[in-house]
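There are 2 protein chains.
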Amino acid sequence: MDRIKRQILQALLVGEVSVYELIDRQDASLNEFFEVFKELLRENIIEVDRGKVKLTKSGREIAKNLRNFGNYCCINCEGTGYVINKHFSEILRRYREIVKNRPEAVDVYDQGFISPEGIIRRVEFIHERGDLYGKIFVVGDDDLFSIAAALTDLPEKIFVVDIDERLVNFINNAAKEYGLRIEAMVYDVQQAFPEELRRKFDIFVTDPVETIPGLKLFFSRAVSTLKGVGSAGYFGITTLEASRRKWYEIEKMIYDMGFVITDMIRKFSVYPDDERNFFTFQEKLPIVKNLGVKSDYPWYKSTFFRIEAVKDPKPLVEGEMKIDEEVYKDEESWATPY
Amino acid sequence: MDRIKRQILQALLVGEVSVYELIDRQDASLNEFFEVFKELLRENIIEVDRGKVKLTKSGREIAKNLRNFGNYCCINCEGTGYVINKHFSEILRRYREIVKNRPEAVDVYDQGFISPEGIIRRVEFIHERGDLYGKIFVVGDDDLFSIAAALTDLPEKIFVVDIDERLVNFINNAAKEYGLRIEAMVYDVQQAFPEELRRKFDIFVTDPVETIPGLKLFFSRAVSTLKGVGSAGYFGITTLEASRRKWYEIEKMIYDMGFVITDMIRKFSVYPDDERNFFTFQEKLPIVKNLGVKSDYPWYKSTFFRIEAVKDPKPLVEGEMKIDEEVYKDEESWATPY
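Residue numbers (the numbering used here), protein chains in the order written: chain A, 100 to 437; chain B, 100 to 437.
No wet-lab data here; the hints were simulated from the structure. Among the hints, a few may not be true.
Note that the list lumps identical chains together, so a pair holds whenever it fits in one copy or between two copies.
List of simulated lysine-lysine pairs, DSSO-like, C-alpha gap at most 27 Å [to be verified]:
#  : residue 1 : residue 2
1  : Lys199    : Lys366
2  : Lys163    : Lys275
3  : Lys256    : Lys163
4  : Lys163    : Lys383
5  : Lys428    : Lys410
6  : Lys234    : Lys163
7  : Lys326    : Lys256
8  : Lys351    : Lys410
9  : Lys299    : Lys326
10 : Lys199    : Lys275
11 : Lys137    : Lys199
12 : Lys163    : Lys299
13 : Lys366    : Lys351
14 : Lys151    : Lys256
15 : Lys326    : Lys410
16 : Lys151    : Lys421
17 : Lys234    : Lys413
18 : Lys366    : Lys185
19 : Lys153    : Lys256
20 : Lys413    : Lys326
21 : Lys153    : Lys413
22 : Lys413    : Lys351
23 : Lys383    : Lys366
Because the structure is a prediction, the values reported are computed rather than measured.
The following block holds chain A by itself, in its conformation from the complex:
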């Protein structure tokens, strides 16, 4: 039995589990998960009724050597290792207040945003690393990370580029209204990179799309902005739309750009089922279409990476690179609207 099957059966030993919670209890990408799920149904190991999954009698027999030892994920910090302390609770409160009228996520740009708590934890982590000072470049800011980071009053300057004019306007207006050191500009990563932004920043932050061509573009633009050795990048990557084989390619890209991976925290960021988030157009997502039931569990999470330049940073792409659809979609993008 392979590991992914074991993870699924282990989870089902406690009884009936939502299929979306099962997705969260295993490490395969969505399309791989769906294959295993179909196989388990076909082999009469599991049964499913309106999105609730349980072991069949023969399934219980097959799983008899597996064990579920109960929960060992820390509920105090949601398994992230970071709590929101007194100081950051106040920043969280102000952040929530500012972003409450944020533009809704739209399907055309594959948008989606992580929870406010997740954003604050990112700021804490970057602060702990000594990286919250200086100049920060943000590529794509559906998460409105720039606002949370600026509320600490530590970054010298935050510069945001985003393809979505609504977000750029929202950020620039918030910056003006609340006196935050942020500047946002409309920019599509496919365009040639503005010369004046090169080699000016200490760190970058991004939540890239997860296709290989898209990642190449996001990383290359982000890396072009960094000053040099010691500069760092922070970003989230899922296991859901990026299989382990894709991660292998991603890690090679990071190496080739001259960066070492220093951190990789699983499920650090959660995309909440919020009325302005991408769950509103979930019926367009392949995983939802294929399962035939709507989400009832916050299953979309990402691993938080930190990378640091040990050589002069080397973007993989320079100049314009038009790839359109390919930026957003490949055979693993099962949580991206089709």
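Dock chain B against chain A, hints included.
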């Protein structure tokens, strides 16, 4: 000001801090830390008295744009994300009972062992990944991980190799006395690898030495034992004896062996200041000699890695490779006895 200096000054904003706690609050290797520390003293930014460090008046001026926002590391799980739940508390109790007469760490093999809680968390993490079943290969087992894992009664078989006959005997005796499915054998990673152990195991677990030649040997021996694609490796690496440049080389090795890094949890394992641990010979460690004061804080921690084969695993070294001293020592091994 570079990031490491900022991390140190950030930590000192609360007042006097032990130099060993400072080591734990920054990301540089021990030799790099010591350089920065000397520089801060020379520039009259910090002062030190019997191992206690504080900012000078001019230091406070220089640090005036930095902020310490208080602790945001989760105390409930020690920042690891994993708690020891009811089931594992019982395993921890039995593990402690069995290992209480463990052989002391000896300097000749650069031994040292992580806390019992840290070992249990490793077992939980491996279980969560669906990797605790099947055959487990352990290269070097000062931590007595094999005993904790076997106490779950899940692994089909655990095979341990260690250079230290005392440990091998201890493990084999414990296995016999408590009916655990573990077998241990004396083996030095420099020797040619036993043919009968090749391609037989599902996962490996190791805490390698941290020199590049030593890592090559540990990884190569461990990787030789794995069955193929999907097999995984678990190990700890510090930032203290392995700089970011060394990590960059390590990540390249992992890639070249055909593995993707799937997890990397900072400070997952702590080496406690226990009377049988390597702190008993701390006066032989370069960092202690250089600082001139004994440790008063559990500063030696490691990042826990998980790697998974996406190609047929390819060891970097085959056959015998005699390198002696070089296995254990390089210019970064400042927590290794000289």
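Going down the list of hints, with the structure as the test:
1. Lys199 - Lys366: within (24 Å within a copy, 36 Å between copies)
2. Lys163 - Lys275: Cα proximity of Lys163 and Lys275: across copies only (26 Å, versus 61 Å in one copy).
3. Lys256 - Lys163: between (57 Å within a copy, 18 Å between copies)
4. Lys163 - Lys383: neither (38 Å within a copy, 51 Å between copies)
5. Lys428 - Lys410: between (31 Å within a copy, 25 Å between copies)
6. Lys234 - Lys163: between (55 Å within a copy, 18 Å between copies)
7. Lys326 - Lys256: within (14 Å within a copy, 51 Å between copies)
8. Lys351 - Lys410: So Lys351 and Lys410 pass the 27 Å test inside a copy (15 Å) and across (14 Å) alike.
9. Lys299 - Lys326: Only inside one copy: Lys299 and Lys326 sit 6 Å apart there, 47 Å across copies, limit 27 Å.
10. Lys199 - Lys275: within (17 Å within a copy, 63 Å between copies)
11. Lys137 - Lys199: For Lys137 and Lys199, neither the intra-copy (40 Å) nor the inter-copy (48 Å) Cα distance is at most 27 Å.
12. Lys163 - Lys299: between (58 Å within a copy, 24 Å between copies)
13. Lys366 - Lys351: Answer is both: 22 Å inside a copy and 25 Å across each meet the 27 Å cutoff.
14. Lys151 - Lys256: Answer is neither: 48 Å inside a copy and 35 Å across each miss the 27 Å cutoff.
15. Lys326 - Lys410: within (11 Å within a copy, 35 Å between copies)
16. Lys151 - Lys421: Cα proximity of Lys151 and Lys421: none, with 43 Å in one copy and 57 Å across.
17. Lys234 - Lys413: Within one copy only: 19 Å inside, 42 Å across.
18. Lys366 - Lys185: both (23 Å within a copy, 23 Å between copies)
19. Lys153 - Lys256: neither (52 Å within a copy, 30 Å between copies)
20. Lys413 - Lys326: within (11 Å within a copy, 36 Å between copies)
21. Lys153 - Lys413: neither (49 Å within a copy, 39 Å between copies)
22. Lys413 - Lys351: both (13 Å within a copy, 17 Å between copies)
23. Lys383 - Lys366: within (24 Å within a copy, 41 Å between copies)
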